[in-house]
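Peer 1: Sequence:
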Amino acid sequence: QEVVSEESEEESNGVNLMEFSDEILLHILSYVPCTDLVLNVRRTCRKLATLCLDKSLTHTVLLQKDYKVNKDKVKQLMRDIGKEIYQLNMAGCYWLPSSTIDHVTRCKNLVKLNLSGCHVTSLRLSKMLSTLQHLRSLAIDVNPGFDASQLSSECKATLSRVSELKQTLYTPSYGVVPCCTSLEKLLLYFEILDRSREGFMLSGQLMVGESNVPHYQNLRIFYARLAPGYVNQEVVRLYLAVLSDRTPENLHAFLISAPGSFAETGATKNLLDSMARNVRLDALQLPKAWINGSGLLQHLKFNNPFYFSFSRCTLSGGHLIQRVINGGKDLKSLTSLNLSGCVHCLAPESLFRKAEDDIDSSILESLVVSCCNLRHLNLSAAHHHSSESIGNHLCQLLSRLKHLLSLALPVCSITDVAASVEKPPTTPNLVPQTFGRKVRIGIQTYPRNLGDQANQKIESSVFWALMGSLRFLETLEIIGSSFSSAMPRNEPAIRNSLPPCVRAHSVGDSEVAAISQLTYLQSLTLAQLPNILTGSGLVNIGLQCQHLRTLSLANLGMMGKVVYMSALMDMLKHCKCLRDLRLEQPYFCAGAQFFQALSHCSSLQRLCIVSRSGTLQSDAVMSFMANCLEVIMCHMFMGESLTVCKNLQQSIVRSFQAERPALNVVIFPLLHEDLTEVIRDVPMRHLDEITLFKSRVAEEPPNLWW
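Heads up: the sequence shown begins at 1 in full-length UniProt numbering, then just goes up one per residue.
Treat each hint with caution, since some may be false.
Cβ pair distances, simulated, as ranges [as the list claims (entries may be wrong)]:
no., residue 1, residue 2, range
1, Gly468, Asn703, 23 to 33 Å
2, Ser387, Gly145, 56 to 66 Å
3, Lys108, Asn143, 21 to 31 Å
4, Glu388, Met201, 49 to 59 Å
5, Gln298, Lys576, 51 to 61 Å
6, Arg43, Ser484, 46 to 56 Å
7, Arg654, Glu365, 52 to 62 Å
8, Arg654, Ser149, 40 to 50 Å
9, Met622, Glu677, 21 to 31 Å
10, Phe352, Ser149, 52 to 62 Å
11, Leu671, Ala267, 33 to 43 Å
Only pairs whose alpha carbons sit at most 25 Å apart, straight line, appear in this in silico DSS-like list of lysine-lysine [what the hints assert, rightly or not]:
no., residue 1, residue 2
12, Lys55, Lys65
13, Lys68, Lys83
14, Lys127, Lys185
15, Lys112, Lys156
16, Lys73, Lys55
17, Lys47, Lys73
18, Lys75, Lys127
19, Lys332, Lys402
Bear in mind the hints are in silico, worked out from the structure with no lab data behind them. Beta carbons: idealized from backbone N, C-alpha and C, even for Gly.
Whole structure, please, built from the sequences with the hints as guidance.
Peer 2: Listed below in structure tokens is the structure:
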């Protein structure tokens, strides 16, 4: 009786969730997907039935990464709360049939709608938009077969009131741009291939009946991102032609992201001259050919800039300070800066300078002092070597940027100058990276916690101190200055890679362990770190960085052997929040032990492995897919035969597609000649976010879209 009374007393002292205030419960419920709230949680009790329909929870519905949602759930959701939805995001819901879009017509009060990555025909778009009279923001894809002449007058009336448009083009077209006469924000993503599936060359000329002129008179933000290819360049010039005739007076953000060479023409030069005369910008990004060798930056005027990108430009540090930062004047408004691939941006001049020469610390110091509120900084794809001057190391200067949330650095920039010239320490686990007799490596003896690792490496290193000063950093990329991924975009897989920078050989396990100080780290990329011997630092990261959601590792240690496999498997056992994992390493063995360790990542949703001469065990993959119920993307590009790859892909799809509607599986030989054809069928969400390797820090202005 005493035991029972004690238990009853404990129950009476316990906390009942329903006793919380409505405000606290609403905050808790805001973390639950809307489909679960409306279709499941709402049916548990009367109180939750009322709270789940609160305007704060139904005003904005986000389905873009709700991989469990299907057509029936969307239909029921729209039927129950359609009239209460003002913002609906279905971006990247590639698995939903096009008929699902028909149910959006129930959302009569929609103001913002994102359908990027969804299958929408011209007729369905016309029918849907005809009923959405309050719509002001729209994101859609324009696929082959799109016909603007099929849009009804009611649809065009809705489009005439749209002020924000995001349009992804898979075919040469103006899309719905000519119908949007009130545009203030225009985002264009050009994903047009140069060749059709049949191998025919495509033209950048617009289709018949698409000669309508876009209306840019109210435009404030123009953004264009081009995938590789000549056709994309041809089409974007047609969009820019109207801008060159008359530059909008209220334009304050002009951004064009173009890979490779995108030559300047007479029309674009007229556009830039007009911008220099008539507008004051807050955000700027231009193709490198438009900036290199021109005095454009000297004439452009800026108001309160928040984003600059000079990626791949030959801009010198002297020009950066004088023409962009106004001689070191206050630029507290700048929150995002992309200097990726700007090999001379931290040097006074670029004329007689080699890319590997030391940086001028005074230029970086001026940058840090002037732009003290930077939150996103990208300095990757360049050799930023610090001199031996005390207190002027790149890491020491960057440690002053206390507001940084994301940072991308080249591997060679984080090494201690003194350490790079000293002899390497003698360590029992040291594996020589020279030719000669092979060394047998036994059971790893890497330290299991941060304290042991600190004993091997003095914590006074500049990179260790930098990581300690950036406690709120959420995204970190450490990428070799000469690294190039073997995964192609529109060309065959890369078979050979450039050797790493000499200074990069001084960066190893201890530097990786220093990253474990970043308690709030959510995304980590490490690429081309040749001096990784055991990967011991990865274990520290797994233990300490409990918020880690995205992990990308590429070419760590020696290329002929995956030296960090044991440490990686130990690390994965602690990554309970990990959702995306990308591994790129030659000779990677995706076997039973690896997948058993990976099965501890209970939140994992997407897996991508790229490995030249890599191997896999089909049974282990199937067992992993059965154990990890959240996985909806499995991309593996290995050294296996086409038959092995196809059989495994078919087995996964056949076994799990029914219960995982968003499942996307691509298993294919990395060096096969048809790889580019396979890549073009991958949903853009996965291709852009994980399958293709790239630096993502400051890639776009913050909050460009929702």
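Peer 1: When you check the alpha-carbon spacing of Lys73 and Lys55, does it fall within 25 Å?
Peer 2: holds, 20 Å
Peer 1: How does the Cβ-Cβ distance of Arg43 and Ser484 compare with 46 to 56 Å: does it lie in that range?
Peer 2: Taking Cβ atoms as reference, Arg43 and Ser484 lie about 53 Å apart, which means the hint holds.
Peer 1: Does the Cβ distance between Gly468 and Asn703 fall inside 23 to 33 Å?
Peer 2: holds, 29 Å
Peer 1: Do Glu388 and Met201 keep their Cβ atoms within the hinted range of 49 to 59 Å?
Peer 2: This hint holds: roughly 55 Å between Cβ atoms.
Peer 1: Would the hint linking Lys47 and Lys73 be met if the CA-CA limit is 25 Å?
Peer 2: Holds. Lys47 to Lys73 sits at ~23 Å (cutoff 25 Å).
Peer 1: Is the hinted range of 21 to 31 Å satisfied by the C-beta distance from Lys108 to Asn143?
Peer 2: holds, 27 Å
Peer 1: Would you say the C-beta atoms of Phe352 and Ser149 sit inside 52 to 62 Å of each other?
Peer 2: This hint holds: roughly 59 Å between Cβ atoms.
Peer 1: Can you confirm whether the C-alpha distance between Lys55 and Lys65 stays at or below 25 Å?
Peer 2: holds, 22 Å
Peer 1: When you check the alpha-carbon spacing of Lys332 and Lys402, does it fall within 25 Å?
Peer 2: holds, 13 Å
Peer 1: For the pair supplied as a hint, Lys68 and Lys83, is the alpha-carbon distance within the 25 Å limit?
Peer 2: holds, 23 Å
Peer 1: Between Lys75 and Lys127, is the straight-line Cα distance small enough, at 25 Å or below?
Peer 2: holds, 17 Å
Peer 1: Does the Cβ distance between Gln298 and Lys576 fall inside 51 to 61 Å?
Peer 2: Since the Cβ atoms of Gln298 and Lys576 sit about 52 Å apart, the hinted range of 51 to 61 Å holds.
Violated hints: none; the structure is consistent with every hint.
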